[in-house]
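Going down the list, the protein sequences come from chains A and B. Here our numbering runs 715 ahead of the position in the first sequence, where the first position is 1. Here our numbering runs 157 ahead of the position in the second sequence, where the first position is 1.
No wet-lab data here; the hints were simulated from the structure. For every residue, glycine included, the Cβ atom is placed at its ideal position computed from N, Cα and C. One thing to keep in mind: the hints can contain errors.
According to the in silico footprint, chain B covers these stretches of chain A (three or more CB under 8 Å from chain B) [as the list claims (entries may be wrong)]:
1. 719–733
2. 736–748
3. 751–758
4. 769–775
5. 779–792
6. 796–808
Sample of chain A residues lacking proximity to chain B, with all beta carbon distances greater than 10 Å (derived) [as the list claims (entries may be wrong)]:
7. Arg811
8. Leu812
9. Ser813
10. Glu814
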Amino acid sequence: MLGPGVAWYVAVAAVLFGIGALGVLIRRNTLVVLLSLELMLNAGNLALIAFSRHFHNGAGQIFALAVMAIAASEVCVGLGLVVALNRRRLSLDVDRLSELRG
Amino acid sequence: MSTLVVASSAGNVLVWIVWIVAGFSCLAAGVAVISFSNPFYSALALIGNLASLAVMYLLLSAEFVAAAQVLVYAGAVVVMFLFVIAYVGPRHETPWSGGPSWQTVAAVAAAGALLVEIVVAIGLEAGGSLSHSGKVGAAFGSPAWIGRVFLVDHLLAFEITSIVLLVAAVGGVILGTHTRRLQGEEVVN
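Just chain A, with the same shape it has in the complex (with noise of 0.2 Å):
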């Protein structure tokens, strides 16, 4: 294998799941945290990659294109709910949809 070794890959993934889950727990905003999920999904398709390459199996390949059909479904009922609070002039902020009744 030129270059790095697989290690490389996965280190950079749990980087790249850190600033995620730091964008999920810091941020208020709806939007930005449905982005940051995006990361933390990614990291993890990183690592599945790595992985599929090191062990030369191809499972690990199926589950990320997987995960891409989970975090398209996310996306789409995620940006859904927002649509449908802005439609209800309720605020973006997380803290304040504590709950999400009525």
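Put chain B on the given structure of chain A with help from the hints.
Then chain B, alone, in the frame of chain A:
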């Protein structure tokens, strides 16, 4: 023989340079996503992150996943984000202003603890064995190979993924029509 060795080491250096550029831009774009105050710029920074991740997938000989990443994420997901951000309107938020609140400090501590936990878990489990990855054949990661693995070995996962996507689409439609009906009732009353 010596020319082969020279060519191989030159290729090695080239792959290292590409990897360093891709990894640095991936992490820098990730930091930009969570630190821009305007969500529009955050979504644009996510495109940079996704593109550099696609380069890393190519280095890991996952060509089909790299192409799907660019098509699905940068082509569909980020465009949908940009549409919704434009629809909702600008909502500025300054994540790092006003001094560190206890919430910010706790969030940074929790994210740091999560990172340390991941690194320790992977390092203890697979630290030594990850440095020696052998060569793979040219077919590894190609669309034909992915299609065979997907539709022969993992057919059930493929079908369940389609059901999940269908449920998400139905959920999006229900979320959209529900509020419209509520608004209509309010107008009638």
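How the hints compare with the structure:
1. 719–733: Since three or more residues must qualify, the claim that chain B covers the region 719–733 of chain A holds, with 14 doing so at under 8 Å.
2. 736–748: Coverage by chain B holds for the region 736–748 of chain A (10 residues, Cβ < 8 Å).
3. 751–758: holds (count 4)
4. 769–775: holds (count 4)
5. 779–792: Three-residue rule met by the region 779–792 of chain A, so holds; n is 13.
6. 796–808: It holds: at least three residues are needed, and the region 796–808 of chain A offers 8 whose Cβ sits within less than 8 Å of chain B.
7. Arg811: Holds, since 13 Å exceeds 10 Å.
8. Leu812: It holds; A:Leu812 is separated from chain B by about 14 Å at its closest Cβ, greater than 10 Å.
9. Ser813: Since the minimum Cβ distance to chain B is about 14 Å, A:Ser813 lies beyond 10 Å and the statement holds.
10. Glu814: At roughly 17 Å from the nearest Cβ of chain B, A:Glu814 sits farther out than 10 Å, so the non-interface label holds.
Violated hints for the displayed structure: none, as all numbered hints are satisfied.
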